[in-house]
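So the sequences go chain by chain: A and B.
In case it helps, the numbering used here puts the first sequence at residues 33 to 356.
In case it helps, the numbering used here puts the second sequence at residues 33 to 356.
Note that these hints are calculated values from the structure, not bench results.
Keep in mind the model is a prediction, meaning the values are calculated, not measured.
One thing to keep in mind: the hints can contain errors.
Below, in silico cross-link-like pairs of lysine to aspartate or glutamate (EDC-like), each with a Cα-Cα straight-line distance of 16 Å or less [to be verified]: (1) Lys327(A) <-> Glu316(A); (2) Lys264(A) <-> Asp46(B); (3) Lys218(A) <-> Glu281(A); (4) Lys264(B) <-> Asp42(A); (5) Lys327(A) <-> Asp273(A); (6) Lys327(B) <-> Glu205(B); (7) Lys264(B) <-> Asp46(A); (8) Lys285(A) <-> Asp273(A); (9) Lys332(B) <-> Asp347(B); (10) Lys264(A) <-> Asp42(B); (11) Lys327(B) <-> Glu316(B); (12) Lys327(A) <-> Glu245(A).
Which chain B residues face chain A? A few, computed with CB under 8 Å, are given here [as the list claims (entries may be wrong)]: (13) Gly62; (14) Asp63; (15) Gly71; (16) Gly72; (17) Ile76; (18) Ala110.
Idealized CB from N, CA, C, for every residue including glycine.
Spelled out from the first residue to the last, the chains are:
2 protein chains.
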Amino acid sequence: MSPPPFDREDRLIDWLRRRSGQQPGGSPIGDDAAILPAGGPFAITVDHQIAGIHFPPGLDPSVVARRLLAVNLSDLAAMGATPAYAFLALAAPPGFDHRRFFTALLAGCRRHEITLAGGDLARNPERLTASLTLFGTKPEGARWLHRSGAIPGHALWLGGTIGESAAGRMLIERSELKEAIPSLQKAIRRAIRRHLEPRPQLALGLWLGTQREGAAMDVSDGLARDLHRLCKASGAGAEIDAGALPFSERFTKLCAAVGADPLALALGGGEDYVLLFTLPEGIEPPEEQARRIGKIVKGKRVTLLREGSRSLLPDQGWDHLAAS
Amino acid sequence: MSPPPFDREDRLIDWLRRRSGQQPGGSPIGDDAAILPAGGPFAITVDHQIAGIHFPPGLDPSVVARRLLAVNLSDLAAMGATPAYAFLALAAPPGFDHRRFFTALLAGCRRHEITLAGGDLARNPERLTASLTLFGTKPEGARWLHRSGAIPGHALWLGGTIGESAAGRMLIERSELKEAIPSLQKAIRRAIRRHLEPRPQLALGLWLGTQREGAAMDVSDGLARDLHRLCKASGAGAEIDAGALPFSERFTKLCAAVGADPLALALGGGEDYVLLFTLPEGIEPPEEQARRIGKIVKGKRVTLLREGSRSLLPDQGWDHLAAS
Numbered sequence: 033m034s035p036p037p038f039d040r041e042d043r044l045i046d047w048l049r050r051r052s053g054q055q056p057g058g059s060p061i062g063d064d065a066a067i068l069p070a071g072g073p074f075a076i077t078v079d080h081q082i083a084g085i086h087f088p089p090g091l092d093p094s095v096v097a098r099r100l101l102a103v104n105l106s107d108l109a110a111m112g113a114t115p116a117y118a119f120l121a122l123a124a125p126p127g128f129d130h131r132r133f134f135t136a137l138l139a140g141c142r143r144h145e146i147t148l149a150g151g152d153l154a155r156n157p158e159r160l161t162a163s164l165t166l167f168g169t170k171p172e173g174a175r176w177l178h179r180s181g182a183i184p185g186h187a188l189w190l191g192g193t194i195g196e197s198a199a200g201r202m203l204i205e206r207s208e209l210k211e212a213i214p215s216l217q218k219a220i221r222r223a224i225r226r227h228l229e230p231r232p233q234l235a236l237g238l239w240l241g242t243q244r245e246g247a248a249m250d251v252s253d254g255l256a257r258d259l260h261r262l263c264k265a266s267g268a269g270a271e272i273d274a275g276a277l278p279f280s281e282r283f284t285k286l287c288a289a290v291g292a293d294p295l296a297l298a299l300g301g302g303e304d305y306v307l308l309f310t311l312p313e314g315i316e317p318p319e320e321q322a323r324r325i326g327k328i329v330k331g332k333r334v335t336l337l338r339e340g341s342r343s344l345l346p347d348q349g350w351d352h353l354a355a356s
Numbered sequence: 033m034s035p036p037p038f039d040r041e042d043r044l045i046d047w048l049r050r051r052s053g054q055q056p057g058g059s060p061i062g063d064d065a066a067i068l069p070a071g072g073p074f075a076i077t078v079d080h081q082i083a084g085i086h087f088p089p090g091l092d093p094s095v096v097a098r099r100l101l102a103v104n105l106s107d108l109a110a111m112g113a114t115p116a117y118a119f120l121a122l123a124a125p126p127g128f129d130h131r132r133f134f135t136a137l138l139a140g141c142r143r144h145e146i147t148l149a150g151g152d153l154a155r156n157p158e159r160l161t162a163s164l165t166l167f168g169t170k171p172e173g174a175r176w177l178h179r180s181g182a183i184p185g186h187a188l189w190l191g192g193t194i195g196e197s198a199a200g201r202m203l204i205e206r207s208e209l210k211e212a213i214p215s216l217q218k219a220i221r222r223a224i225r226r227h228l229e230p231r232p233q234l235a236l237g238l239w240l241g242t243q244r245e246g247a248a249m250d251v252s253d254g255l256a257r258d259l260h261r262l263c264k265a266s267g268a269g270a271e272i273d274a275g276a277l278p279f280s281e282r283f284t285k286l287c288a289a290v291g292a293d294p295l296a297l298a299l300g301g302g303e304d305y306v307l308l309f310t311l312p313e314g315i316e317p318p319e320e321q322a323r324r325i326g327k328i329v330k331g332k333r334v335t336l337l338r339e340g341s342r343s344l345l346p347d348q349g350w351d352h353l354a355a356s
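Full structure from sequences and hints, please.
Here's what the structure looks like:
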């Protein structure tokens, strides 16, 4: 039998303090604020996970915790940072299994050598809302990555396959699709896992930080929108080749089975959490899944080459303020 | 006519970047994470404000922004820290006036010389949820304040009046009370303002950091519960004198008019955001409103002297996990 949910905040905090006290220097939890030693510079990111907005309601709290950590780690990967400290703001409905959530969160923190240093707990009657503030440090001799570092002539790269996360979201939302294609159960499970538990490309980000040139960001709101952001920040344009976009074979089969357009999911789906980055021509990243998808050009135009013809790529994707 | 709400996240971010770009070094907003220069040590705190939980639904977004900043600043005050950087996670329902919220938040940041350095925006259909991560630095030659610094023999102090915030919350929730006592309109407005826009005791916290001894925390969950926390952290007990608790005259009159017990509101109400601290006997803080309310004693007992008799003070107050 699982232990009962925490009925008092102080009991949960005591439990957390014991669990997090294994880290060097003991637990920083206990005062009105946590003290971090002098250090830095730091890269700092904040990202939400809200039930029914960023993930389906009723998701296992341990999956929510891993997703929350992963999407924030992906931002640090995009900066070339090594994760160091985390602060959590968690507002949960009655009966939420805090123990399950924190066990997974602390396990993820240990795996990445992150200290969970503080946070705030509250009630939110309808839905779980969580936000994590994550600190990263810069490895010695490396540089921070910025969106603004793209230079005309640079090759444009993606760190891994895209579109599959959006397919996973579609399959979660339209469960009748899942049952319609029994032959693709493994591909379906992969797409859903890709959506729910993204794998931040921290090693790739650290390698990019050792390179003298190049821009980087993570693809969270769809390749089209995020590429526009990178180009705008860099004062440059880009040309990408639809034929070069990396799709997994299981993803294209899945799209065919459910009648989805892989290119549309890749360009506008979002939540891929792979790195989009530029490098001088001739330099290849050490990430096997990375693919060169085009190049940075002068001007402001972002264009897509598809079936021999080139067209403007609209600045479209996932918008956090727009109604769904 | 007020401008329309932001319909796209990128437009809001552009507007924010322009508004926050007045700070030295320009705006840190724009990459996947913000870069903070090497520095510290830092005191870091996170606090929520959720509509219908921490403040009444429908509250003016500028008041929400000021309250969010104030409750976090109060945590830094309790550490003896000078505020430096802020990161925001904001999830708002459709039609929320982001411009009004951010105008007030940025004004508050300017007043306290805080750089709003980053954040994340999302939708939350039912209710506004906001959390702020705030960084403070330690003034040279000063020390951090901790809950664990109370020593038997220390005098126990409160930085200002308590209970009025809880009365303000009661008056908001039971609006019929407001109309029943027309003669006390000014006191009612004061109590409501005290609840909605607390004034963090930053100057007092900084002064306490210059003292060699003493514990500190802010009273957010009621004096009874927070005093138990301070005693537990310090491995000590406390004796307080009900007659010494600082109430404003308008507050006691208000309680009489609505039939509330000022002592119950003071001990269990919460959200006072004044500092609770200890000092060696004979040292007086420079804060005019501060009152000596008792002393730290050996053992674990926390007792209340009331009308000549001493009784155990139960560890009760506002619990963030308990159902309301």
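Okay, the hints, checked on the actual structure:
1. Lys327(A) <-> Glu316(A): Given that 16 Å is the threshold and the Cα spacing comes to 14 Å, the pair holds.
2. Lys264(A) <-> Asp46(B): holds, 12 Å
3. Lys218(A) <-> Glu281(A): holds, 12 Å
4. Lys264(B) <-> Asp42(A): Holds, because 11 Å separates the two Cα atoms, which is no more than 16 Å.
5. Lys327(A) <-> Asp273(A): Since the Cα atoms of Lys327(A) and Asp273(A) sit roughly 9 Å apart, the hinted pair holds (cutoff 16 Å).
6. Lys327(B) <-> Glu205(B): Distance of about 35 Å is beyond 16 Å: violated.
7. Lys264(B) <-> Asp46(A): holds, 12 Å
8. Lys285(A) <-> Asp273(A): Distance of about 21 Å is beyond 16 Å: violated.
9. Lys332(B) <-> Asp347(B): Roughly 12 Å separates the two Cα atoms, so the pair holds.
10. Lys264(A) <-> Asp42(B): Cα-Cα ~11 Å, so holds.
11. Lys327(B) <-> Glu316(B): Holds - the C-alpha atoms of Glu316(B) and Lys327(B) are around 14 Å apart, at most 16 Å.
12. Lys327(A) <-> Glu245(A): Since the Cα atoms of Lys327(A) and Glu245(A) sit roughly 14 Å apart, the hinted pair holds (cutoff 16 Å).
13. Gly62: holds, 6 Å
14. Asp63: At about 5 Å, which falls below the 8 Å cut-off, the nearest Cβ of chain A leaves the hint on Asp63(B) intact, so it holds.
15. Gly71: holds, 6 Å
16. Gly72: With a minimum Cβ separation of about 4 Å from chain A (threshold 8 Å), the hint on Gly72(B) holds.
17. Ile76: Constraint on Ile76(B) satisfied, holds at 5 Å.
18. Ala110: Result: holds, 4 Å to nearest chain A Cβ.
Of the numbered hints given earlier, the model fails hints 6, 8; all others are met.
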